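What follows is each chain in one-letter form.
Protein chains: 2
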Amino acid sequence: MATEPKDAPIQDAVDFIHHHREEILEGYFKLLSFPSISADPAYAGDVKKCAEWIVGELKRIGFENAKVIETEGHPVVYADWLHAGDDKPTVLVYDHYDVQPVDPLHLWKSEPFEAEIRDGKLYARGASDNKAGVWGNLKVLESMLSADGKLPLNVKIMFEGEEESGSPSMEPFVAANKELLQADIMLNCDGGFDMHNPQLAYAGRGIISAEVTVKGPRADLHSGGFGGVVRNPLHVAAEIIASLHDEDGRVTLPGYYDRVREIDETERARITAGWEAETEKNKKTAGVDFTWGRSIAPDAERATVLPTLDVNGMWGGYQGPGSKTIIPAEASFKVTMRLVPDQQPPEIAQIFKEYVEGFATDTITIDVLVRQEGWPFLLETDGDYLAAVQAATEATIGKPAQLVRTGGSIPILGMFNRLMDMPITGFGYGDGENIHSPNEYIDVEHFFLALQAGLRMYHNLGAVEK
Amino acid sequence: MATEPKDAPIQDAVDFIHHHREEILEGYFKLLSFPSISADPAYAGDVKKCAEWIVGELKRIGFENAKVIETEGHPVVYADWLHAGDDKPTVLVYDHYDVQPVDPLHLWKSEPFEAEIRDGKLYARGASDNKAGVWGNLKVLESMLSADGKLPLNVKIMFEGEEESGSPSMEPFVAANKELLQADIMLNCDGGFDMHNPQLAYAGRGIISAEVTVKGPRADLHSGGFGGVVRNPLHVAAEIIASLHDEDGRVTLPGYYDRVREIDETERARITAGWEAETEKNKKTAGVDFTWGRSIAPDAERATVLPTLDVNGMWGGYQGPGSKTIIPAEASFKVTMRLVPDQQPPEIAQIFKEYVEGFATDTITIDVLVRQEGWPFLLETDGDYLAAVQAATEATIGKPAQLVRTGGSIPILGMFNRLMDMPITGFGYGDGENIHSPNEYIDVEHFFLALQAGLRMYHNLGAVEK
Chain A
1 MATEPKDAPI QDAVDFIHHH REEILEGYFK LLSFPSISAD PAYAGDVKKC
51 AEWIVGELKR IGFENAKVIE TEGHPVVYAD WLHAGDDKPT VLVYDHYDVQ
101 PVDPLHLWKS EPFEAEIRDG KLYARGASDN KAGVWGNLKV LESMLSADGK
151 LPLNVKIMFE GEEESGSPSM EPFVAANKEL LQADIMLNCD GGFDMHNPQL
201 AYAGRGIISA EVTVKGPRAD LHSGGFGGVV RNPLHVAAEI IASLHDEDGR
251 VTLPGYYDRV REIDETERAR ITAGWEAETE KNKKTAGVDF TWGRSIAPDA
301 ERATVLPTLD VNGMWGGYQG PGSKTIIPAE ASFKVTMRLV PDQQPPEIAQ
351 IFKEYVEGFA TDTITIDVLV RQEGWPFLLE TDGDYLAAVQ AATEATIGKP
401 AQLVRTGGSI PILGMFNRLM DMPITGFGYG DGENIHSPNE YIDVEHFFLA
451 LQAGLRMYHN LGAVEK
Chain B
1 MATEPKDAPI QDAVDFIHHH REEILEGYFK LLSFPSISAD PAYAGDVKKC
51 AEWIVGELKR IGFENAKVIE TEGHPVVYAD WLHAGDDKPT VLVYDHYDVQ
101 PVDPLHLWKS EPFEAEIRDG KLYARGASDN KAGVWGNLKV LESMLSADGK
151 LPLNVKIMFE GEEESGSPSM EPFVAANKEL LQADIMLNCD GGFDMHNPQL
201 AYAGRGIISA EVTVKGPRAD LHSGGFGGVV RNPLHVAAEI IASLHDEDGR
251 VTLPGYYDRV REIDETERAR ITAGWEAETE KNKKTAGVDF TWGRSIAPDA
301 ERATVLPTLD VNGMWGGYQG PGSKTIIPAE ASFKVTMRLV PDQQPPEIAQ
351 IFKEYVEGFA TDTITIDVLV RQEGWPFLLE TDGDYLAAVQ AATEATIGKP
401 AQLVRTGGSI PILGMFNRLM DMPITGFGYG DGENIHSPNE YIDVEHFFLA
451 LQAGLRMYHN LGAVEK
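Sequence order for the protein chains is A and B. Counting from 1, one number per residue, gives the positions in the first sequence under UniProt numbering. Counting from 1, one number per residue, gives the positions in the second sequence under UniProt numbering.
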């Protein structure tokens with residue numbers, strides 16, 4: 001750290017971090033000691049205690065209106081510092097303080113909620129995903145406030161406590177607090193800070209998950225006695241599934257592609273570059289080539305800007321050893337669809353439901369349960385705010401983040417896109433591994449480097465002309 | 001029993017049974033005390049002890065060459081009495097002395113291997129299926145031998161010990177013992193004696209059971225990252241299944257119907273009558289109407305003389321609560337096909353295998369495991385031997401058995417049809433319920449009535465001109 005080049009406007013804040021390194025780690029250990037597991041109701045009290053502790057920290061470093069806001073689920077931490085002046089931008093900082101469950105516990109080499117540093121790595125549940133972002137932002141903002149007595153821009157903090165369990169309360173929370181949350185730019189900090197191959201997911205697909213149940217005879221029937229005269233629900237389920245794609249791999253639901261947005265050459269080049277950077281790694285993961293659907297569009301586009309439909313599970317009838325001569329009474333399958341702009345999840349869910357229900361007959365009933373509807377998201381791909389974040393990354397590690405379009409879904413970003421009237425970009429602090437797995441860790445030196453990048457980022461954002 | 005009409009030629013034998021009623025029940029209790037569960041290797045010793053005890057009984061009543069013949073699985077009981085003269089027919093009597101497992105044991109009201117009579121019903125595992133046939137034949141033959149010192153025809157006994165576990169050793173046993181087993185007529189006694197609606201299944205379908213495994217990526221993949229570029233094994237499994245029938249319900253396997261035998265008007269009338277007699281009961285069981293495939297042929301024919309294909313179970317991917325966004329690494333399903341004369345199971349199995357394997361692609365492998373190949377069977381529908389059996393039934397309960405063609409499979413009869421050069425008909429002794437279930441029983445009075453029918457049957461068979 002001593003070799004770090006001087007950086008005049010943020011030097012005092014950088015020095016503050018250097019001088020408080022031990023306190024920063026101690027505080028991080030404390031934050032990581034809360035078992036804020038949102039998925040397990042048994043930990044609801046710990047989730048709340050964690051929120052309250054963060055509120056205390058925000059107050060201590062000089063934030064105002066710091067409070068735990070109750071929702072139907074776990075609470076949101078809110079706080080603001082709005083004294084930079086009306087000519088300065090306001091940023092809404094989003095992250096989450098809840099964590100994944102820890103099982104299988106026996107695979108952890110140290111207690112998941114008693115952080116431990118081994119070989120320069122800090123091990124604890126949430127160390128990387130994503131208390132790193134919560135703590136990173138707090139420490140960056142504290143160092144600026146301590147060094148300068150002020151921030152270079154107006155800041156609103158929103159840390160949720162349900163991200164790892166699907167954010168069920170966030171949509172009503174956001175809808176009810178639009179004014180409180182309004183800003184010029186939203187900063188999603190739920191991500192990592194990869195020193196070597198920094199990436200920023202600027203777009204992702206929406207998602208619909210659904211479950212279909214096909215029911216036929218009253219009970220499992222003898223296939224000898226009833227074969228040929230009673231329609232088999234497994235056959236109907238298979239027919240439905242088989243009919244959902246044409247032989248090239250296109251989804252056949254009526255109107256499925258009607259609202260799919262064309263991409264321009266800039267976008268095409270961007271996603272191609274992003275895909276190619278990962279192709280070898282992805283092939284290793286899959287163990288197969290990506291030939292499926294190749295006649296429709298190049299691999300990079302099918303994986304990102306075209307919608308998909310996959311059956312994630314199917315079951316019905318006898319699954320044990322040997323054979324059992326039955327016509328099963330029912331069959332079920334689970335589906336997820338990945339949606340892209342400007343497909344609308346409620347519309348597609350309805351199309352799916354009607355299409356699938358159309359396979360019902362006089363002896364077959366079909367139930368479709370739509371479980372989740374998540375919207376696609378699109379963050380900034382240019383503009384001053386993104387440039388400010390990228391410049392901070394480049395100044396810190398020598399290169400900006402590569403903009404990648406993920407085929408996956410971050411429903412909460414789709415929701416922010418849809419409900420909030422502001423652009424969104426992202427910046428992450430964690431550089432570690434094993435998120436959602438045993439022995440989650442963050443690299444300690446990289447975390448301190450990310451704090452420097454964070455300082456530069458807030459500084460740069462403060463310089464953006466509104 | 002005292003009101004039973006006198007029946008001159010068999011009267012002494014009838015009297016013998018009347019006078020030995022208690023001994024007959026005591027012996028039956030003893031036979032039922034052997035836990036001859038063929039499916040569970042833990043009972044192999046008991047199966048053998050049961051066989052040895054029966055051999056002892058056969059010797060005691062005057063049979064010759066009585067022996068336990070070892071097979072690769074459980075032993076066969078063989079014995080003969082061949083002193084009726086060359087001008088008299090020889091009958092080969094087939095039945096099985098093994099029984100189904102007894103679980104769930106807690107649902108039994110008395111010990112399954114300690115027979116108990118309650119309200120005129122004798123409860124024990126095997127009481128109906130099918131130690132009734134083993135004991136019934138022994139008692140009928142004993143009474144004739146005791147009363148007359150001889151039998152009206154030549155008799156060969158073959159009781160197997162593997163019927164309830166699929167008779168894996170019977171085909172090699174029969175192939176190796178054709179001369180020993182040769183007779184003029186084979187009598188299948190593995191069935192019941194329903195006093196009210198006697199039925200005789202004179203034909204049944206063959207069966208092929210198979211399991212298909214469809215493999216795709218190396219492991220379950222994230223459906224966001226790989227949706228659209230990696231082919232989903234569940235989709236391929238569904239395509240295979242969906243393609244196996246046309247929209248009318250015909251099986252689409254190439255050549256599937258090529259060898260299906262046309263039926264004549266007599267047969268059509270017979271199966272229609274048999275089907276109609278059961279339709280209401282069957283509809284209640286199924287809970288749905290039998291509309292599937294109705295454009296192909298009438299219900300009775302689709303259920304009996306046309307072949308079928310049913311998927312009995314399918315599974316792959318995530319089956320738990322909620323959703324899991326994966327493309328599963330593999331999918332599997334189990335199939336049974338019901339075959340009719342003159343389809344050949346090995347040929348159809350090969351057609352199925354090749355057809356299904358044809359769905360393999362550059363990223364999808366397909367394995368087909370053919371588990372069982374059972375041949376369809378056709379017993380006597382006219383002729384003197386059947387008439388002799390029917391006359392015995394009619395003389396005893398006032399009507400002959402209705403000839404019914406079952407859609408189910410009795411692979412061992414198909415095997416006898418194919419390997420043995422003799423006609424087959426059937427006669428059963430049991431009149432009870434809960435076969436294969438807890439609290440299996442036989443109605444005691446009906447069993448004694450069945451013994452009288454058995455006496456008449458052997459008498460009538462002995463009168464048939466060779």
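Just so you know, the hints here were simulated from the structure itself, not pulled from any lab data. There could be a bad hint or two in this list.
Note that the list lumps identical chains together, so a pair holds whenever it fits in one copy or between two copies.
To be verified - Taking lysine to aspartate or glutamate pairs in the EDC-like style, the calculated list, with each CA pair at most 20 Å apart, reads: (1) K324 to E164; (2) K283 to E330; (3) K30 to E64; (4) K283 to D362; (5) K178 to E72; (6) K150 to D382; (7) K121 to E347; (8) K284 to D362; (9) K48 to E72; (10) K59 to E357.
All of these numbers come straight from a predicted model, not from anything done at the bench.
The hints, checked one at a time:
{"no.": "1", "hint": "K324 to E164", "in the structure": "between (41 Å within a copy, 14 Å between copies)"}
{"no.": "2", "hint": "K283 to E330", "in the structure": "between (36 Å within a copy, 17 Å between copies)"}
{"no.": "3", "hint": "K30 to E64", "in the structure": "neither (22 Å within a copy, 90 Å between copies)"}
{"no.": "4", "hint": "K283 to D362", "in the structure": "between (46 Å within a copy, 14 Å between copies)"}
{"no.": "5", "hint": "K178 to E72", "in the structure": "within (17 Å within a copy, 78 Å between copies)"}
{"no.": "6", "hint": "K150 to D382", "in the structure": "neither (28 Å within a copy, 106 Å between copies)"}
{"no.": "7", "hint": "K121 to E347", "in the structure": "neither (46 Å within a copy, 63 Å between copies)"}
{"no.": "8", "hint": "K284 to D362", "in the structure": "between (47 Å within a copy, 16 Å between copies)"}
{"no.": "9", "hint": "K48 to E72", "in the structure": "within (13 Å within a copy, 68 Å between copies)"}
{"no.": "10", "hint": "K59 to E357", "in the structure": "neither (54 Å within a copy, 67 Å between copies)"}
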